[in-house]
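There are 2 protein chains.
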Amino acid sequence: MFNTVTVVGVGLIGGSFSLGLKDHAMVKKVIGVSRSGTSALKALELGIIDEVLPLEEAVKQSDLIYVAIPVDVTLPVMKTILDLVTSKQIVADAGSTKYALCKFVSDHPNRNRFVATHPMWGTEYSGPEAAVHDAFKGRSCVICEREKSDPEALALIENIYTILGMSLVNMEAESHDVHAAYVSHISHITSFALANTVLEKEKEEDAIFELAGGGFESTVRLAKSSPAMWGPIFMQNRDNVLDVLNEHITQLRKFKSCLEKENYDYLLQLMENANKIRRILK
Amino acid sequence: MFNTVTVVGVGLIGGSFSLGLKDHAMVKKVIGVSRSGTSALKALELGIIDEVLPLEEAVKQSDLIYVAIPVDVTLPVMKTILDLVTSKQIVADAGSTKYALCKFVSDHPNRNRFVATHPMWGTEYSGPEAAVHDAFKGRSCVICEREKSDPEALALIENIYTILGMSLVNMEAESHDVHAAYVSHISHITSFALANTVLEKEKEEDAIFELAGGGFESTVRLAKSSPAMWGPIFMQNRDNVLDVLNEHITQLRKFKSCLEKENYDYLLQLMENANKIRRILK
Chain A
59 MFNTVTVVGV
69 GLIGGSFSLG
79 LKDHAMVKKV
89 IGVSRSGTSA
99 LKALELGIID
109 EVLPLEEAVK
119 QSDLIYVAIP
129 VDVTLPVMKT
139 ILDLVTSKQI
149 VADAGSTKYA
159 LCKFVSDHPN
169 RNRFVATHPM
179 WGTEYSGPEA
189 AVHDAFKGRS
199 CVICEREKSD
209 PEALALIENI
219 YTILGMSLVN
229 MEAESHDVHA
239 AYVSHISHIT
249 SFALANTVLE
259 KEKEEDAIFE
269 LAGGGFESTV
279 RLAKSSPAMW
289 GPIFMQNRDN
299 VLDVLNEHIT
309 QLRKFKSCLE
319 KENYDYLLQL
329 MENANKIRRI
339 LK
Chain B
59 MFNTVTVVGV
69 GLIGGSFSLG
79 LKDHAMVKKV
89 IGVSRSGTSA
99 LKALELGIID
109 EVLPLEEAVK
119 QSDLIYVAIP
129 VDVTLPVMKT
139 ILDLVTSKQI
149 VADAGSTKYA
159 LCKFVSDHPN
169 RNRFVATHPM
179 WGTEYSGPEA
189 AVHDAFKGRS
199 CVICEREKSD
209 PEALALIENI
219 YTILGMSLVN
229 MEAESHDVHA
239 AYVSHISHIT
249 SFALANTVLE
259 KEKEEDAIFE
269 LAGGGFESTV
279 RLAKSSPAMW
289 GPIFMQNRDN
299 VLDVLNEHIT
309 QLRKFKSCLE
319 KENYDYLLQL
329 MENANKIRRI
339 LK
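Protein sequences, first through last, are from chains A and B. Heads up, the first sequence is in my numbering, so the first residue is 59 and it goes up one at a time. Heads up, the second sequence is in my numbering, so the first residue is 59 and it goes up one at a time.
Watch out, some of these pointers could steer you wrong.
Intra- or inter-copy, both count: the list cannot distinguish identical chains.
With a straight-line cut-off of 27 Å between C-alpha atoms, the simulated BS3-like cross-links for lysine-lysine are [unchecked claim]:
| id | residue 1 | residue 2 |
| --- | --- | --- |
| 1 | Lys314 | Lys259 |
| 2 | Lys261 | Lys314 |
| 3 | Lys314 | Lys161 |
| 4 | Lys161 | Lys282 |
| 5 | Lys319 | Lys259 |
Worth flagging that the hints you see were computed from the coordinates, not collected in a lab.
Work the whole structure out from these sequences, hints included.
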């Protein structure tokens, strides 16, 4: 489908996207752009990309440029890319926040070459080694402000995600950021905070290591996530994240109060209410 | 190895224990004791148990009685059992708290027939349908106050867990409860509270359903856990759980403060510290 695709950022998301394109024979050549020489070499070695080039040269050679780097760096990089692209090229991003970026590019003369996307997939690992085949399969991909993208560019991007096995969800950028705070960002904050709780209080690391059953591991695994990736997400989505975080602290205080007052009935009520999540999760 | 084993509580843990005994040909017959007729029938139907009997009759016929019911009900049931057993029978429990039970039975004339254990395994599901083969394999099992159990009884129980693939960890009951608060109980509270947070604030359930990626699901899955099982655990381990919960709220407040003050450097520090959990988790 494409002759040449550039992936800016050759880590967990960019790397997995590139593997997906290759696995489904959607591209002849993938160029990698990376600030880190080590990552670029690793991605080459793993067959995730076929060539490494500086951003400007890579953009010039590409039909599609896919940006998967921390959301703060995405803004200036996206400007550089949109300044360079012609009306035959397509640009898309994979960032976990959408409002700041959509606002940032809204007046750019080449705005219509850009498609704002967020494939809802990730793991706690980062770098080219974290990239996997079939990563996006069975997950949702949010597309924001589709009316601002050129219809053909949009159709091509939607087609890629569909071939990768994703179901498409349309959303306003602002709504996306609210929902993402609930279903993704808060989970990362609680996990980071839980790891710090245990590291602070539990000095016998052997005990954690030996005893940690499935429960602990699954609630704390996101604490292994990359600070360079997640810090900018929390900052860009600050208001929504603070809103959810305040509510979460309130909910934890309810449990605290139940225990302090030995109010068993209310404790059961809180847990029974939480059980309603069964209805929503698959 | 055993002619007859009674499993008191035929749910997630008792059911999985029974399947393990059968899979490894360690028992000829398993009797199930259950307050719920529905669960008893289901366990029979699933081949988890071979017969259903009232507690006293079951105990009389058994070489080993394994108690896997909520930790509050365990106390009176354990008294009934210890009142009945002879010096040839063995009793063990699988409860998530150990201090209250060990204290409760400490002066019983048959204390030495009892082995206090906690196999560190579980899922968010409950009831006989939740029982699985090879459940305990590769996990740790804590044994408390081993010096208070008859050496032969202890050796038989340790042997069972070893055959089921567990590694044994010896611990004082009080230490067990402190560690369990960190590596298990707090994870359940944060998960219950996270579910309530999202249910409270996110009224668009379709959005959760469509968008929830792996992150949300893994941090919130424990919120599906049984209130009847977890309420008594939190109450019995109240002081330790409150201690960890207070620390967790403090850690969450640090994230909140970083966001409010836009203190990006401290936010990165908090996340980098949390990353240290990589060292401890497998």
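Requested in this report: Hints the structure violates: just list their numbers, smallest first.
Outcome: Number 4 only.
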